[in-house]
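Student: In order, the protein sequences belong to chains A and B.
Here the first sequence is numbered in the numbering used here, starting from 9 and rising by one per residue.
Here the second sequence is numbered in the numbering used here, starting from 3 and rising by one per residue.
Think of the hints as simulated: they come from the structure by calculation, not from any bench.
You may find that some hints are simply not true.
To be verified - Partial list, computed: chain A residues near chain B (C-beta under 7 Å): (1) 66; (2) 88; (3) 92; (4) 94; (5) 100; (6) 111; (7) 181.
All C-beta atoms in this analysis are idealised placements derived from N, C-alpha and C, irrespective of residue type, glycine included.
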Amino acid sequence: MTATEFALRTDGVGKRYRRGWALRDCTLALPAGGVIALVGPNGAGKTTLLRLVVGLLAPSTGTVEVLGHDVTASTPQTLSRVGFLAQDHPLYKRFTVAEMLRFGRACNLRFDQGLAERRLAKLGIPLDRKVGTLSGGQQAQVALALALAKRPHLLVLDEPVASLDPLARHEFLQVLMGAVAEGGVTVLFSSHVVHELERVCDHLVVLNHGRVTLTGDIDTLLAEHRLLVGPRTATDLDRAGAVVEAVHSDRHTTLLVRDGAIPAAPGWQAQPVALEDLVLAYLRRPSEPSAAVTSGVAA
Amino acid sequence: MTWLIWRQHRTEVCVLGLLVGMFGIALLVLGTQAHDLFPGGPARCAGEAGINEACAASFRRLDEEHGYVENLLAGFYLVPVVIGAFLGAPLLARELEDGTWQLAWTQAVPRMRWLAAKLAVLAGVAVTLTGMFTAVLTWFRQPFDAWEGRFQYDAFDLEGLVPVAYALFAFGVATAAGAILRRSLPAFGVAFGAFLAARMPVALLARPAYATPLTTMEPVPVGGSKDQAGHRSVPSFADWMIEHGYADATGRRLSWTEYYELEGAANRAGTNLNQFLHARGIQQFGVYHPADRFWTFQLIEAALFIAVAAVLIGVVVWRVRRRMI
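Pulled out of the complex, with its shape left as it was, chain A reads as follows (with noise of 0.2 Å):
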């Protein structure tokens, strides 16, 4: 892959507050074109890693490559490139829709109205009300809208929609996923729920106490990941250093194991892993540094 194919690039990215450390060691490389999914759970350092990538914040360490530049140096060109959504979908809440999208419009080098309000009509949006009078769903719509119009090569969403319900959940999810369908867009997008990211996403990035778990094709991870469940035994198995995770019940041994290739030993039977057990048992890894394992771009 050269250097454009990456939607995102970071190499040893860590920032720092003043409580201490949010992000470490954070090397990622992430293709361009489809859906990728950053997973962890709350205060794993997703929104820092997301303000990072579209360079709200500054990396206390290492570099972050966006589209093969580097974002720190935020000139129009480099932020027209990419659109964010942040966490609750900030609006200015006493502008009109209108004014929303004069806004975007007068603050961007391009900036699709036409698009912008065709997708809110279709949604029955009416421009004229005010922004703070919509419901939360319609607000994320009139913010989504207001990203996509911008024509970003690369869209990153802060949980998206963790603060809506059910119905609005969908239809935001069926809006997003008809403009990936669209094409031209990558979408990097986070979320502390695992569940229908199966549906929706490519890749996945696992984030945990400020580290890097897990990423790779989610395919592949499943491809390369097993169940193997057999009778109860409390010797080491992980020869290999291939176990993830072991559970023991009163009678059986389950093992979370990565290398797919390794045979079931007699008696052991091997079963496909869901990707929300796969992403659960990552999570309850106790945090070592440089743990995280690789998959998908390498492959």
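Following the hints, complete the assembly by docking chain B onto the known chain A.
Tutor: Okay, now just chain B, sitting in the frame of chain A:
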């Protein structure tokens, strides 16, 4: 950007514009009446209060009919502070409060350009509004200034360059406080408090020390100073008297206790006080800044407040540049 700044701050600008406009109209109406008391213009009566009978009558009517306005206006040195703080406080704080900084700074306008435009426009509005307010107020105070000079607190703090500097100071403090506190209202309060805290020591301690004051020393006249009509005294009405009192023949300043002892002695002796003092070589002294130092002092004080504002704005720019906000 111009449209955005107008759209975001039009409420503040309109409210302040309306206030300044209303004050302005009220002062123009009242001021016209006050000016009409001086047929040849108030400047011609400057220093003539005790000399020219017509001027004395005008000043008397001015005091009776408009003195209350002058007293009221003494508190208006805070208006520039309100203007500056009201425009500065929400500049960053409101964006940080509502999270919209993340929206504003991820459009194609780089944050430094965004900040520069906002600072320039809003500081410009603060200067313009304060300038207009000060111009009307200065005109209104012309008859009063002809009477009392421009160095009194209710004149010096309301006229010339100083009000604009106060506005910029409040603007700078409010902007910086808003960047750190991330809330508009506390930032406004901080700016107001900072101004009051700075203004007291500046007006009472720093201002008299902007230059070395002059001193006069002359023997107590036999007739007493009150009978001096026709004689233009030094320091004059327009000078800023900082200290005055009595000194003995060698020039040693007498404490007020010593002076009262002399007064008591004169009473016991049954002689006229002035004659008594004159006979003992007692002198009157005055420590003062001459009236023509007004603009020098205005420049010094304005520079002082604007320098603080510039430093604070510098801190804000530095923090935004370093992406610490």
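Student: Evaluate each hint against the coordinates.
Tutor: Results for each hint:
1. 66: With a minimum Cβ separation of about 4 Å from chain B (threshold 7 Å), the hint on residue 66 of chain A holds.
2. 88: 4 Å, holds
3. 92: 4 Å, holds
4. 94: 4 Å, holds
5. 100: OK, holds: residue 100 of chain A within 7 Å of chain B, min 6 Å.
6. 111: This hint holds: residue 111 of chain A lies near chain B, its Cβ roughly 6 Å from the closest one there, short of 7 Å.
7. 181: 21 Å, violated
Violated hint: 7 only; the structure is consistent with all others.
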